[in-house]
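J.: One-letter residues, chain by chain:
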Amino acid sequence: MDIIKGTSSENKIWARNCWYVAAWSKDLAEHELYPITIINKPVLIYRKKSGDLVALADQCCHRHMPLSKGSLEGDDLRCMYHGLKFNSLGRCIEVPTMKLCGDEVPENFVVETYPVVERHGWVWLWMGDKEKADDALIPPTTGPDSPDWFMHQGHLDYEANYLLINDNLTDLGHIAYTHKNSFAGGRSDAYFNQPRVQKIDRGIRITRWNTNSPKRAYQKGSADLYDQFMTYDFLVPGVLMMYQGMYEAGSAEACEYGMVDKNLEPDTASFTSQAVTPMTDDTSRYFFAWGPRMVEHIENNQIVEGMWALANKAFLEDKVTIEAQQKIVNLKTSAPMVSITDDRGPSMFRRVLDSTIEEENA
Amino acid sequence: MDIIKGTSSENKIWARNCWYVAAWSKDLAEHELYPITIINKPVLIYRKKSGDLVALADQCCHRHMPLSKGSLEGDDLRCMYHGLKFNSLGRCIEVPTMKLCGDEVPENFVVETYPVVERHGWVWLWMGDKEKADDALIPPTTGPDSPDWFMHQGHLDYEANYLLINDNLTDLGHIAYTHKNSFAGGRSDAYFNQPRVQKIDRGIRITRWNTNSPKRAYQKGSADLYDQFMTYDFLVPGVLMMYQGMYEAGSAEACEYGMVDKNLEPDTASFTSQAVTPMTDDTSRYFFAWGPRMVEHIENNQIVEGMWALANKAFLEDKVTIEAQQKIVNLKTSAPMVSITDDRGPSMFRRVLDSTIEEENA
Amino acid sequence: MDIIKGTSSENKIWARNCWYVAAWSKDLAEHELYPITIINKPVLIYRKKSGDLVALADQCCHRHMPLSKGSLEGDDLRCMYHGLKFNSLGRCIEVPTMKLCGDEVPENFVVETYPVVERHGWVWLWMGDKEKADDALIPPTTGPDSPDWFMHQGHLDYEANYLLINDNLTDLGHIAYTHKNSFAGGRSDAYFNQPRVQKIDRGIRITRWNTNSPKRAYQKGSADLYDQFMTYDFLVPGVLMMYQGMYEAGSAEACEYGMVDKNLEPDTASFTSQAVTPMTDDTSRYFFAWGPRMVEHIENNQIVEGMWALANKAFLEDKVTIEAQQKIVNLKTSAPMVSITDDRGPSMFRRVLDSTIEEENA
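Respectively, the protein sequence lines represent chains A, B and C.
Here the first sequence is numbered in the working numbering, starting from 39 and rising by one per residue.
Here the second sequence is numbered in the working numbering, starting from 39 and rising by one per residue.
Here the third sequence is numbered in the working numbering, starting from 39 and rising by one per residue.
Since the hints were made in silico from the structure, they are not lab data.
Computed from a prediction, not measured in an experiment: that's the story for all the values here.
Wrong hints could be hidden among the right ones.
Identical copies look the same in the list; a pair holds intra-copy or inter-copy alike.
Stated by the list, open to error - In silico lysine to aspartate or glutamate, DMTMM-like type, Cα no more than 25 Å apart, as pairs:
id, residue 1, residue 2
1, K370, E197
2, K370, D305
3, K137, E294
4, K365, D320
5, K218, E355
6, K86, E150
Model the full structure from these sequences, guided by the hints.
T.: Shown next, in the form of structure tokens:
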């Protein structure tokens with residue numbers, strides 16, 4: 039695979055007909071304007087008095103002034119440059135100097151709107167053909183609004199193309215090395231078990247038993263080693279939904295490959311939702327939430343802090359890694375690349391993404 | 039109109055046969071070297087012992103070392119790299135190592151000179167064909183050297199193409215919004231009167247009565263509301279000369295559209311000179327002076343401070359606006375643009391500029 | 039000559055079949071990873087337990103992760119991303135997930151290696167065809183490991199193309215101006231004597247007597263003026279080896295042009311080794327060592343400090359000069375350039391370099 043397929047002006051490198059995570063719901067306070075660039079398009083999101091969200095192109099139809107520099111008037115939005123007022127449908131409903139002359143606002147005075155849905159604690163934007171926007175395509179993830187899990191949430195901005203981050207997230211092989219001192223608990227050797235990688239609709243599914251996983255500091259159990267089970271789906275354009283559980287040693291052996299026996303009770307379990315959103319060709323925003331089961335949280339409200347500290351340490355390890363990789367990629371050397379076992383996930387997901395993009399352009 | 043016509047290497051986006059403001063006269067102290075890049079050309083300006091100005095290409099004819107890193111020797115200029123000495127005509131008059139050998143300096147050892155004129159407190163450079171340089175084309179503005187006005191002067195550097203700044207300055211519609219809390223005194227509604235926009239030689243003329251203008255803090259009059267009259271010419275390449283007067287309420291109605299009765303005495307009046315100079319494709323320098331009538335200044339020397347503080351607040355509002363607009367423009371989205379009444383000034387001036395550029399290239 | 043021949047992607051601007059200085063030997067501590075980009079190629083250098091050096095491409099053969107982010111395991115190198123382990127021959131000897139499956143590492147799992155030689159206190163890399171790498175082509179310089187000289191060593195990074203730095207170093211004319219207040223002791227007039235410039239194998243040789251050179255602060259002699267003799271070779275790709283001696287006034291006249299009588303005893307003498315290494319198209323690393331004869335150092339261990347302070351002052355003067363020149367060059371004006379006597383060295387060396395590049399591409 040090409041490591042990065044060139045810039046968006048040269049190649050088609052984005053899927054458009056899909057839901058991108060643009061923000062955490064909590065980031066959209068009432069009467070705040072939230073700007074973000076997604077696949078090189080400036081977008082502005084805000085919340086109406088009803089609480090419903092609006093997503094508009096963040097460029098006035100007059101002279102491309104970012105509307106996010108303007109201000110809300112009720113549910114409408116006033117551009118700070120010449121005072122054009124837009125309603126939440128992107129329709130310009132007032133041009134002050136035209137109003138003065140009694141002129142109607144022409145029908146082509148509009149800014150693009152983007153289908154926006156709030157679900158699982160996230161704000162999802164559809165960047166493609168509006169008539170194809172379908173809520174059912176929103177990945178069925180579990181977020182901070184779940185009654186079953188207690189999650190913290192955050193984000194990191196990357197100076198890197200989103201494909202490199204997707205590669206990272208669809209590969210478990212790097213945990214033993216990049217995250218040796220965080221997720222791998224100091225022991226590379228415990229993390230070599232082969233994951234099962236399966237093609238699923240609009241993505242891939244990865245599952246793995248890590249036998250002999252060192253006990254986490256925040257675990258209640260008394261054993262030193264556990265069998266860790268991980269399963270996650272990674273869906274277009276770059277959304278990860280992962281369950282992890284620490285089970286009594288020996289559990290892995292007792293289960294079918296890539297599966298966990300649902301009757302087994304984990305000592306501790308967590309869920310994480312993550313999403314990679316391409317902002318521009320070489321910048322991306324990475325959203326993540328993580329936390330234990332609500333029942334565990336109620337018993338010990340420090341568990342989530344332990345998980346969160348560990349996850350943030352690991353995410354910074356990834357950021358250092360991927361941004362360093364991007365700098366080498368930028369040198370555009372002609373050095374060849376080889377594929378390894380760990381690439382099954384990244385390669386399979388890139389094929390899914392490529393097909394999605396090809397279908398869109400067909 | 040295209041919002042920005044591409045880079046200078048692709049398109050003709052500059053007028054060359056015109057006078058650009060390069061500096062304030064006061065910035066050219068004796069024996070100081072003032073470098074500035076104008077339309078992508080490095081220029082160096084300095085003052086001779088006589089006080090006359092010299093403008094040379096800021097690149098030695100030897101290896102393009104900027105001469106502004108060198109030093110003056112009388113009225114001559116010594117390059118700091120190999121010691122080439124240039125006289126104020128751009129002629130190399132000494133090459134140290136050639137002098138040692140008794141060799142004459144060849145005739146092609148020259149750097150470009152630019153016609154330079156000091157007028158109205160400004161230093162004007164002609165960047166085009168020298169034989170066409172004509173002082174009469176210098177906009178007849180009024181500067182800090184005027185006996186009738188008392189002005190402060192300054193400049194701001196922009197990370198933006200100059201066309202976006204010209205658009206801003208040829209449009210009064212944005213005052214009610216961008217400058218609601220500065221020039222508009224907190225009241226967008228007072229600033230909707232339609233200006234008169236006229237084509238004049240090498241530019242446009244804009245006039246407007248703003249009825250019910252809130253009294254400025256620095257005004258002496260006792261009324262709360264005034265009728266504000268503004269008139270300005272905006273000339274190639276981007277020079278603004280504006281008179282403003284605050285008149286007794288009702289004055290506007292008594293006057294012809296776009297005119298002020300010269301017998302009317304303003305409560306307060308001011309003059310501002312401004313100039314936009316393209317440095318490179320995406321950077322510009324914006325020069326401005328502002329102040330009250332000398333008679334008002336003599337009576338109350340705090341008026342100029344009030345005007346200056348207000349103007350500087352407003353200029354920073356413009357800088358925030360235009361630099362934000364430039365960032366969106368840089369994303370090169372395909373979003374369409376519409377025109378509004380406020381564009382009469384910008385559109386008319388862009389046509390003037392386009393004609394000027396076309397004539398030059400004909 | 040073109041001042042810079044365009045970017046490496048457009049033109050051939052580098053010699054490849056030559057030894058580039060990559061580091062000072064002392065910078066390669068045991069078990070430290072030293073990354074540097076040379077002619078746009080990322081390289082990693084480290085020292086084996088034996089003390090021998092290894093130079094590898096600093097990009098894993100898997101996904102171009104910089105290996106310099108990894109860690110040493112004995113003499114082998116572990117990539118921090120997926121744990122690929124490379125031996126010092128660039129051969130991948132372990133892919134953890136393949137090892138788990140009992141798979142052999144394929145033969146094409148390799149990273150480029152670069153011939154590396156440690157000599158004269160420097161680490162030299164051969165960036166071209168390996169079979170042509172020949173130690174005999176390493177410039178026969180004198181470094182901090184010499185028993186005859188006592189040198190300090192350092193480096194500066196430039197935001198400039200390396201050709202502009204080579205030009206600077208092959209021209210003595212600029213000393214009188216750029217270095218008037220450092221090397222020239224405040225007196226431009228003392229530095230006009232013409233150097234002798236000769237073509238030698240893979241470079242040029244420059245020699246000069248500067249008569250009436252002001253006494254250096256660190257000199258022991260009692261006279262105020264000396265005759266300074268300088269001789270240096272400047273070899274592909276940009277390596278300078280210079281001897282300087284301060285001799286009793288009148289010595290120059292007594293010697294043959296461009297020569298020094300070996301029986302003359304200098305009041306003080308120094309040796310400097312310098313090297314210019316192109317990192318990318320517009321960045322370079324400049325290495326330098328400087329110091330007095332060991333016999334002088336033993337007598338007065340402050341001499342080296344005086345020389346070092348003077349040299350560092352002068353090197354910063356060059357950096358300011360050349361980076362300013364580069365900024366003007368970046369504007370790509372069409373201003374013509376002329377040649378002067380001082381260009382004999384730069385022109386002759388550029389021809390040597392051009393021939394080298396042409397031969398390589400033939």
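J.: Now, for every hint given, state plainly whether the structure supports it.
T.: Comparing the hints with the structure gives:
1. K370 <-> E197: Classified as both: same-chain Cα gap 17 Å, cross-chain 20 Å, threshold 25 Å.
2. K370 <-> D305: neither (48 Å within a copy, 53 Å between copies)
3. K137 <-> E294: between (71 Å within a copy, 23 Å between copies)
4. K365 <-> D320: Both. Shortest intra-copy (10 Å) and inter-copy (16 Å) distances satisfy the 25 Å Cα cut-off.
5. K218 <-> E355: within (10 Å within a copy, 47 Å between copies)
6. K86 <-> E150: Classified as within: same-chain Cα gap 17 Å, cross-chain 58 Å, threshold 25 Å.
Of the hints listed earlier, the one the structure fails to meet is number 2.
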